[in-house]
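Starting from the structure of chain B, add chain A where the hints point.
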Amino acid sequence: MAKKILINGSEFEFEDNLTLIQALEVADVEVPRFCYHEKLSIAGNCRMCLVEVKGAPKPVASCHFSLSDLRPGPNGELPEVYTNTDTVHTARKGAMEFLLVNHPLDCPICDQGGECDLQDQALHYGINKSRYKENKRSVENKNIGPLVKTVMTRCIHCTRCVRFTSEVAGTEELGAIHRGENMEITTYLEKGMTSELQGNVIDLCPVGALTSKPYEFHARPWELNKTESIDVMDGIGSNIRIDSKGSEVMRIIPKYNEDINEEWISDKTRFIWDGLKSQRIDTPYIREDGKLKPVSWNTALDKITGLMKKIEPSKIGCIAGDMVTAEEMFLMKTLLDKIGCHNYDCRQDGSNLTNKYGRSSYIFNPTISGIEDADAIVIIGSNPRMESPVLNARIRKRWLTGQLKVYHIGEDYDLTYDYKHLGTTPESIDVNKMDLKDCNKIIWLVGDDVFLRDDGQDILSIVADCAQETSSIREDWNGLAILHKHASRVAGLDLGFLPKDSTYAAKHMADSNDIELMFLLDADEIKINNKYKVYIGSHGDRGASNADIILPGACYTEKNGFYMNTEGRLQQTNRAVFPPGDAKDNWRIILELSSRIKKSLKYKNLDEIRKDLKKNYPIFNNLNEIAKGEGSSLKILSNRENKPSDNKFINTISDYYLTNPITRSSRIMAECSMQKNNKEIING
Amino acid sequence: MNEVNKNKNEFCFSSKNKILVENELKKYPKGRETSAIISLLWIAQKQNGGWLSTEIIEYVAFYLNIPKIRSMEIATFYSMFNLSPVGKYHFQMCGTTPCMLCGSDSLKEVLSKKIGAQSSVTDDKLFSWIEVECLGACCNAPVIQINDDYYEDLHSSDLEIILDNLKNNKSIKDGSYKKRISSEPLNKDLKMLTEDEIQEMVKNRKKPGISA
Numbered sequence: 006m007a008k009k010i011l012i013n014g015s016e017f018e019f020e021d022n023l024t025l026i027q028a029l030e031v032a033d034v035e036v037p038r039f040c041y042h043e044k045l046s047i048a049g050n051c052r053m054c055l056v057e058v059k060g061a062p063k064p065v066a067s068c069h070f071s072l073s074d075l076r077p078g079p080n081g082e083l084p085e086v087y088t089n090t091d092t093v094h095t096a097r098k099g100a101m102e103f104l105l106v107n108h109p110l111d112c113p114i115c116d117q118g119g120e121c122d123l124q125d126q127a128l129h130y131g132i133n134k135s136r137y138k139e140n141k142r143s144v145e146n147k148n149i150g151p152l153v154k155t156v157m158t159r160c161i162h163c164t165r166c167v168r169f170t171s172e173v174a175g176t177e178e179l180g181a182i183h184r185g186e187n188m189e190i191t192t193y194l195e196k197g198m199t200s201e202l203q204g205n206v207i208d209l210c211p212v213g214a215l216t217s218k219p220y221e222f223h224a225r226p227w228e229l230n231k232t233e234s235i236d237v238m239d240g241i242g243s244n245i246r247i248d249s250k251g252s253e254v255m256r257i258i259p260k261y262n263e264d265i266n267e268e269w270i271s272d273k274t275r276f277i278w279d280g281l282k283s284q285r286i287d288t289p290y291i292r293e294d295g296k297l298k299p300v301s302w303n304t305a306l307d308k309i310t311g312l313m314k315k316i317e318p319s320k321i322g323c324i325a326g327d328m329v330t331a332e333e334m335f336l337m338k339t340l341l342d343k344i345g346c347h348n349y350d351c352r353q354d355g356s357n358l359t360n361k362y363g364r365s366s367y368i369f370n371p372t373i374s375g376i377e378d379a380d381a382i383v384i385i386g387s388n389p390r391m392e393s394p395v396l397n398a399r400i401r402k403r404w405l406t407g408q409l410k411v412y413h414i415g416e417d418y419d420l421t422y423d424y425k426h427l428g429t430t431p432e433s434i435d436v437n438k439m440d441l442k443d444c445n446k447i448i449w450l451v452g453d454d455v456f457l458r459d460d461g462q463d464i465l466s467i468v469a470d471c472a473q474e475t476s477s478i479r480e481d482w483n484g485l486a487i488l489h490k491h492a493s494r495v496a497g498l499d500l501g502f503l504p505k506d507s508t509y510a511a512k513h514m515a516d517s518n519d520i521e522l523m524f525l526l527d528a529d530e531i532k533i534n535n536k537y538k539v540y541i542g543s544h545g546d547r548g549a550s551n552a553d554i555i556l557p558g559a560c561y562t563e564k565n566g567f568y569m570n571t572e573g574r575l576q577q578t579n580r581a582v583f584p585p586g587d588a589k590d591n592w593r594i595i596l597e598l599s600s601r602i603k604k605s606l607k608y609k610n611l612d613e614i615r616k617d618l619k620k621n622y623p624i625f626n627n628l629n630e631i632a633k634g635e636g637s638s639l640k641i642l643s644n645r646e647n648k649p650s651d652n653k654f655i656n657t658i659s660d661y662y663l664t665n666p667i668t669r670s671s672r673i674m675a676e677c678s679m680q681k682n683n684k685e686i687i688n689g
Numbered sequence: 299m300n301e302v303n304k305n306k307n308e309f310c311f312s313s314k315n316k317i318l319v320e321n322e323l324k325k326y327p328k329g330r331e332t333s334a335i336i337s338l339l340w341i342a343q344k345q346n347g348g349w350l351s352t353e354i355i356e357y358v359a360f361y362l363n364i365p366k367i368r369s370m371e372i373a374t375f376y377s378m379f380n381l382s383p384v385g386k387y388h389f390q391m392c393g394t395t396p397c398m399l400c401g402s403d404s405l406k407e408v409l410s411k412k413i414g415a416q417s418s419v420t421d422d423k424l425f426s427w428i429e430v431e432c433l434g435a436c437c438n439a440p441v442i443q444i445n446d447d448y449y450e451d452l453h454s455s456d457l458e459i460i461l462d463n464l465k466n467n468k469s470i471k472d473g474s475y476k477k478r479i480s481s482e483p484l485n486k487d488l489k490m491l492t493e494d495e496i497q498e499m500v501k502n503r504k505k506p507g508i509s510a
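Chain order of the listed sequences is B and A.
Here the working numbering runs 5 ahead of the position in the first sequence, where the first position is 1.
Here the working numbering runs 298 ahead of the position in the second sequence, where the first position is 1.
Treat each hint with caution, since some may be false.
Calculated cross-link-like contacts (lysine-lysine; reagent style BS3-like; alpha-carbon spacing at most 27 Å) [unchecked claim]:
(1) B:402 to B:446
(2) B:505 to B:442
(3) A:328 to B:402
(4) B:282 to B:298
(5) B:603 to B:361
(6) B:59 to B:361
(7) B:442 to A:328
(8) B:410 to A:476
(9) B:609 to B:343
(10) B:298 to B:59
(11) B:260 to B:282
(12) A:486 to B:425
What the hints contain is simulated information worked out from the structure, not anything from laboratory work.
Same shape as in the complex, but just chain B (with noise of 0.2 Å):
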C-alpha cells in the first residue's frame, strides 16, 4: 500500500512495508548507522540512526520503525518525520558520545583510518571534545584464524558480524559474550572462523575492529588507485575492486552487484593478491639439457617458429587454462584454425561438457538472481559451498524464507542450509522422489564435476528429462543450471575452443604422441607428455615447470579480457597494474607468434581483436548482460537411450584454498589451508 509522509517538510510517497531509513533512503536523505546493513537484519543497538517522529514522546531508531506504523495527526494530517531538527542532532550527538566512550583514540594506527565509518560519523555528528575522565575499557584480542585481524578494544558491538556469519554465511561462529560493559565479540572458545566468506566481516565493521590480516599496515586507502574488475577464482565472476600502490596490487574488496555477489565475495577472492606477486614468471625461459635458462623473447620466439615450421600443423595441440579471457582463445583459435590446426580444448579438467545442445545446455539458465524466485532446488554431484561461496550464500539467503525445497544428490557436505539427501548416485536422480508438485520454479543444479565421469552426458541428458517432466523449462523459466567452477570456460565453450575430432581432448592430448607440439595457454591443472611444451602464462607452477619453452603472461588483474560467468553473462576485467619484468599480455604473446610464422593476423590492438570477435560471435556484444540460451534445443539432449553408471558422485575440490596457479603462490591462501587441515602454521 502506498503511503504518504512528510520528511522534513516535504511529502513522498512510499510503499508502507518500507522502514523509516528505507525510506529516507529513498528520499536522499542522510542517516548516520552503525548496526544496520541492507543484507542483514535489524538490530537497532547502535541508536544512531534517531530521527524525530511528530507526536511520538522519544527520538525513534529509524531502522526498526516501519513505515506502517506512522499515525496521521488528529485531524488526519500527514504523518511528519524530521532529520534535521535540533532533537535529532542532540539525539545523535548523545548516541556518538556514548560509542566513543570506550573508544579508544587510535587512529593514526588503526588501519581503517580513512575508511572508518565512526570516524566520518564522528566528523559530522560528534561533538568536538570528550566529557569522559574515567578510565576507557580495554578488551583482549582474538586469534579468530589468519584472514581476520582483531583489535577488541575498538568493537562498538554493532553485531553486524555476529549477523553475518549466522545470517548469510550460515556458519554460526561468532557470538557476543558477556553483557553491558563486559560484552565481547567472540568465536566459541576462540577457536578460528571456518566461513569460506569470512572476509566480509572485514567490510562489514563500520570501526577497526576486524581488519584483514595480511593487508595489516600495508597501505593507507587514499594511496590506492582503485579499478573496479571481476574476479576469475570461480565461474560467478563476482564485481570486484582492485586497490593498488605503484606496481603492486594490495587488496581485493567487492564491488557491489546486486545480480551477481550482491555485496559479497569469498575469501579466495578477496584474499588471493599475495599470490599475484610471487611465483611469478617474468621472461621467457627455454629448457636446456633439462635445465630451464633465461632468454630473450626474440630466442625464445624464434625457437617456438622454427618448431611450428617443422612440425605439422595436425601435431599442434592446444590446451587453455582456466583463467584466459576469451580474446586469448579466440586469438588462439584463429591462429590454429589458419595453420590447419584444429587440436585446441578449454577443458583441461578432462571434462566431456559441449556446445553442441546449444548455449542453454551449459550455462547457469535460471540466473544467480533467479535462485530468489526459485521454490525448489535439486543440487546433483556438485558441492556450491566450495565450488562458488556466494552462490551458497544466495541459495541459504533464499532458504532462509522458508520457501526453498533444496534437494541434493551426491556426496553429504555441511552446504550452510538443510537439504533432503536423495542419494549419491546417478540413480538417483528421480522426479518421483522429490516432491516438486506445488513447485513452479525449480533449478536443476548440475556441478561442474559431473562432467569429469564419462557418463556426464548421460547424467545431464536424465537431468534435463526430469526438468522437461516437471516442466521447468518454458519461455518464462529455465531451470537447468550448469555450475562452472571455472571463469573461462563458458566463453570457451561459446567460442568453441574444443577440438574437431573427440579423439583430441585436452585428456587424451595430454599423453598421445600425435601431439609433438602442445601450447599450454595458463594450463596447470593437466599433466601432458608431449615432446614439446610450450607454456604461455603467469604463474611458475606445474604447467610451468614441466615446460620446454616458458612465455611470460599476465594475470587477470594485469590485463583487459572479456569473461563469461556461469549464467552466460560477459564482463569483462580491466588492468589494475602492469606484468613484472618482460611479461606481456597474453593476446600480444600470440599476435607475435603469429606475425612470425607468416600467418599474420591482422589486429593492431585489444579493440580490433574485440571487434573481430564480436563479428563472428555477436553474443560478445552486450557488456554485463547475459544472453540466453534457447529452452528448445535441450529437447535434443533429452533423447538419449544410455544408462549412466552407478558411480557415486565424487567432489574433486579437495582443498577449497588450493585451486589454482595463484592460489597455490599464495602464502595467505597456504595459511588458510592449514588452518582447514588442522596442521600447525610455520613462521619465517
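Same frame as chain B, now just chain A:
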C-alpha cells in the same frame, strides 16, 4: 544446521532432570524448543553443584541442536549462571545502594574474612561468595542470598552465626533476622490506616515541585 554437534563429554542430564527438561521443552511451540535454553542451563547448573563448565554449555547446545556459541552467549549473559566452581553454600551479597546504606559493607568484611576473596571457594568446598546487584528486597536490607533463599535484615553478628552454623552442619533460619514477617514495618506500634484516612492524606498531600 547440518553441523554435526557431537557430544563428546561425560555430562548428561540425570533421569530425574530429564523429565524436568522434557517438561520445559513442552512449554514452547514446535520448532521453537531452543527457547528453553535458560531453563535447561539452570537445570544443568543445579545438577552440577551450582556452576556451568564449558563441557555443560556444549552439552546443552548439543541437546538443543544449536551452535555452541549461542549457548555460550546465554550462559555468560546471565549473572545467575556461574562459570567457575562455587561452594556448597554460595553467598550472593547485595551491595546496591539501600543494602549498602543499611550496612552491607560490614557483611562484606565478614565474608572476606571468613571465606576469602570473591569468587574463591574455601578449601572445604563449603563456601563461596560474590557481590551482586540489587536482589529486589530493599525493604529488608541488607540482604544475602544463600543458594535459593534470602537472608534479610542481617547484622554482621548474624552472618557470623550463619556461617558457623553452616560449617557445623546446623540448620539456619531464612528470611528476616529482625523477626519481621515479610516486609512489614519494624515499628509494630504504627497504626494501620483505613481507606478513608488514606484518601484524606492523598487529598491534602502537597504537590511536588514549586508551589505558587
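Evaluated hints:
no.: 1; hint: B:402 to B:446; result: holds (16 Å)
no.: 2; hint: B:505 to B:442; result: violated (42 Å)
no.: 3; hint: A:328 to B:402; result: holds (23 Å)
no.: 4; hint: B:282 to B:298; result: holds (21 Å)
no.: 5; hint: B:603 to B:361; result: violated (33 Å)
no.: 6; hint: B:59 to B:361; result: violated (65 Å)
no.: 7; hint: B:442 to A:328; result: holds (26 Å)
no.: 8; hint: B:410 to A:476; result: violated (66 Å)
no.: 9; hint: B:609 to B:343; result: holds (18 Å)
no.: 10; hint: B:298 to B:59; result: violated (79 Å)
no.: 11; hint: B:260 to B:282; result: holds (22 Å)
no.: 12; hint: A:486 to B:425; result: violated (72 Å)
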